[in-house]
Amino acid sequence: MMALVLEAVVLGVLIGGVYALMASGLTLIFGVMRIINVGHGALVILGAYLSFALFRSLHIDPFLTLVVTVPAMFALGVLIQFIFIRPLRTDREALSVLVTYALALGIEGVLGYVFTTNYVELRAWYETASFPIFGFYVTWVYVFGFVLCLAVLGALFLMLYRTAFGGAVRATMLNRTAAQLIGVDVDRVSALAFGVGMATAAAGGVVFGLTNAFNPGSHYDLISRLLTIIVLGGLGSLRGAVIAALIMLITTEVAAVLISPVWASFVFFAILVAVLIVRPQGLYGVRVRERI
Amino acid sequence: MSLLEISELSKRFGGVVAVDRCSLAVPAGSITGLIGPNGSGKTTVFNLVTGFLPRDSGQIRFKSHSIAGLGPDRVYGLGIGRTFQLARIFPRLTALENMLVPVRRAGFRALLSRGQWGHEKEHAMEMLDFMDISQVAGTLGGALSYGQRKLLELAAVMMARPELVLLDEPAGGVNPVLLERIAEHIRQLNRQGVTFLLVEHNMSFVMNLCHDVVVLQQGKVIATGKPREIRENPAVLDAYLGT
Amino acid sequence: MSRTVALKALGLVALAVLALLLPIIAPDPATTNVAVFTMMYVGLATAWNIMGGYTGYISLGHAAFFGFGAYSLGLLLNHLPIAPGYGPFFLVPVAGLLAALLAVGIGWVALRTRAATFVIVTIAFMFMLQLLAENLVKLTGGGAGLSLPYPRDWGGDFFNTPYYYAMLALAVLALVVSWWIRRSKFGLGLLAIRDDEDKALAVGVPTRSFKLTAFVISAALVGMIGAVYGYYVTFIYPQFVIDPLIGISMVLMVFLGGLGTLSGPVLGALLLEPAQLQFAYHFGASRLYLVLYSAVFLVVILLMPRGIIPSVADLWHRWRRRRAAGPTASARGARKAVKAASP
Chain A
117 MMALVLEAVV LGVLIGGVYA LMASGLTLIF GVMRIINVGH GALVILGAYL SFALFRSLHI
177 DPFLTLVVTV PAMFALGVLI QFIFIRPLRT DREALSVLVT YALALGIEGV LGYVFTTNYV
237 ELRAWYETAS FPIFGFYVTW VYVFGFVLCL AVLGALFLML YRTAFGGAVR ATMLNRTAAQ
297 LIGVDVDRVS ALAFGVGMAT AAAGGVVFGL TNAFNPGSHY DLISRLLTII VLGGLGSLRG
357 AVIAALIMLI TTEVAAVLIS PVWASFVFFA ILVAVLIVRP QGLYGVRVRE RI
Chain B
342 MSLLEISELS KRFGGVVAVD RCSLAVPAGS ITGLIGPNGS GKTTVFNLVT GFLPRDSGQI
402 RFKSHSIAGL GPDRVYGLGI GRTFQLARIF PRLTALENML VPVRRAGFRA LLSRGQWGHE
462 KEHAMEMLDF MDISQVAGTL GGALSYGQRK LLELAAVMMA RPELVLLDEP AGGVNPVLLE
522 RIAEHIRQLN RQGVTFLLVE HNMSFVMNLC HDVVVLQQGK VIATGKPREI RENPAVLDAY
582 LGT
Chain C
1418 MSRTVALKAL GLVALAVLAL LLPIIAPDPA TTNVAVFTMM YVGLATAWNI MGGYTGYISL
1478 GHAAFFGFGA YSLGLLLNHL PIAPGYGPFF LVPVAGLLAA LLAVGIGWVA LRTRAATFVI
1538 VTIAFMFMLQ LLAENLVKLT GGGAGLSLPY PRDWGGDFFN TPYYYAMLAL AVLALVVSWW
1598 IRRSKFGLGL LAIRDDEDKA LAVGVPTRSF KLTAFVISAA LVGMIGAVYG YYVTFIYPQF
1658 VIDPLIGISM VLMVFLGGLG TLSGPVLGAL LLEPAQLQFA YHFGASRLYL VLYSAVFLVV
1718 ILLMPRGIIP SVADLWHRWR RRRAAGPTAS ARGARKAVKA ASP
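Protein chains in written order, with the numbering used here: chain A, 117 to 408; chain B, 342 to 584; chain C, 1418 to 1760.
Because the hints were derived from the structure by calculation, they are not lab data. Bear in mind that the values here come from a model prediction, so they are computed numbers and not experimental data. All C-beta atoms in this analysis are idealised placements derived from N, C-alpha and C, irrespective of residue type, glycine included. One thing to keep in mind: the hints can contain errors.
To be verified - Simulated DEER-style distance windows between Cβ atoms: (1) A:286 / B:380: 36 to 46 Å; (2) B:357 / C:1691: 58 to 68 Å; (3) A:208 / C:1735: 39 to 49 Å.
Said to hold, decoys possible - Computed footprint of chain C on chain A, listed as stretches where at least three residues anywhere in the stretch have a Cβ under 8 Å from a Cβ of chain C: (4) 304 to 315; (5) 343 to 352.
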């Protein structure tokens, strides 16, 4: 039993890394633009399918597809923000939910048309290779995926805290108007931030695709988990997103072992409810009185 | 008798001490001014009193009862109204509807009964008339000029007949004519028994209107007294002009 | 002015008469089926608007109450000795009451957060309920679904009719409640919360209890409609009755028609639901359906962000103002302006 729990914890950490990556893009987008990108799950799936298409036609290692998908998704993100998000002037928070949901549906439809609704998976030629640790086996694919997530997250943090652009992003997140007053082009920052969010979705998509079978409809389950994670972590907080992802995934993996896999999903959402009762702003969120 | 009594009130935001063991008393029936250089904690005191911010320590007593920890809606229900630095009204409601929003007693029947509704509308039109803005009763709040909004904000706050009104920069952003109107409205309401505590930077406004003045600097009270005394107080001059 | 009021009243009466006589005018089951679903969404959209439109708190998890109502009625009918027929309709308010109780629980937690988080929390609760429905197999039948008894003696052509009237009654109830709230001080408080929640607090509006009340009322109505739906389709599955698409449809209809207005949700439902049903019929499970749906969705939101009713009302007012000013007045104004501008 102990070994199973330990294995669950390790698995939780590894998978938590993927979700941390995907959630970080989502919370970044909220922090900068104050919009809830309900289509983020669909964008991750899109990234997974793009990698899948490249992988299927070129037979390369899925990780290598990132060279193409990350810049492509980044550009797509900037475009989406420009066409669909920026025109929303009034009621932005509410309308963006609908717009991004519509985008998600559209992406689901297109993907279904191109790839059909059969489940597919990204495969690496070394996918069955594993190594023993603490008495159970961990597949290398999971580890590589985790390393990739760490790398991308690290790059993200570096960008945010060490570059001028990152400073502009953080300024916009803290106070949009004040940032404008000190000369930050918030529109440009928003577009680029959305692009960054999409780039992380591309990376997340590869790892997600390597560790899960997916089809166009997978985005529902995915986005519900991602949204839960960012609320738990505190909307707009990157640190919160990462920690929340780890907590959520470790707990659900352990619950799957200790209770049953069927109830593990329920536990996922139940954690959110429990935390919100005590701390409505999430772990690292700020109790905001919007304007005083 | 002090209507509002604040003692040893403190509030810090991270490393910044916004309000530092502040103690002051607002006599019933007075118009008291709260002045001080920018960043001295005046609006923070307002937010603490009206329940928008939780205090770190200290007492806030209204009519001898502690109100610390109550939410803004409860505070209003007890009889303390406030206006905001940038006049806040409901932009998608008409001026009249703005007047009808304030809730003094959230009793079930009070909210549902039609009889009281008509009565309220009458009272609202009276207040709008008192402020000389009854002609815009049907205009959406968002379409009003800034001066009209300021008057509407005060009129709406007065709907539930509060005993104490906290005014945050009532003279901010208004032309001299409107300024005199606002001062006159405050005096009239004061004569009817309303106590005022106002934060203001416009010194002549304060000196002409207020009975008592409290001076804050860096969250601490550095002087209290009559306007004349304050004007000649070296500590006050130092606070405003000093390093 | 009184001419528009008279026209409006006449239009309303005409619509009411049409709605009442519909099953008699067009009794074929295909049409009445569309009528049942359309009236269902009129009610759903109106009920959702009470929370989302008036307070500005967007709930994307309302499908939870819809499904909960359906399951409530289903379980009641399966465990109580009530003969199928007209009897079960009298249990619908019970389903509504149960949905209201659920809403108190969900709302108490969800409303602890601000508007942006609220959206997500409602989604989370919806998925939790769906998971419960799927996993509490002994209670709900799980993924295999729950069957409801249906009146076997209602002939083929007649079957849809009682359900239509039930939906109509609920839609009218939702409209009356919505209208009444709009005119009350409570309703003003809700609109104030939408405009500026902190300012509303500052003038004494008890925002938490107001929001919770609106949420519960909205949920009760949706629950009742869900119950009638369950009884109509006679077999309910967790993912089809606690379905995010139902939840998003009612939201889209309200946004299309005009958030916060009384007629907006009705218009949105009348336009979208028949179209949705037609789409589903012709394109079915084809992926193209989703793409088209999404495209329509996006066009509507980007071109008419405030919805049809407010945009049309705007145009109407502008047209009337120009007419009142008269052609000569505007020409005079133009000449004046030209004079003033020249040196």
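Each hint tested on the structure:
1. A hinted range of 36 to 46 Å for the beta carbons of residue 286 (chain A) and residue 380 (chain B) is inconsistent with their spacing of about 23 Å.
2. Checking the proposed 58 to 68 Å range against residue 357 (chain B) and residue 1691 (chain C) shows it holds: the Cβ atoms sit about 60 Å from each other.
3. Between residue 208 (chain A) and residue 1735 (chain C) the C-beta distance comes to about 25 Å, which lies outside the given range of 39 to 49 Å.
4. Counting residues of the region 304 to 315 of chain A whose beta carbon lies closer than 8 Å to any beta carbon of chain C gives 0, which falls short of the minimum of three for the stated coverage.
5. Evaluation of the coverage hint for the region 343 to 352 of chain A: fulfilled, as 5 residues show C-beta separations to chain C shorter than 8 Å, against a requirement of three.
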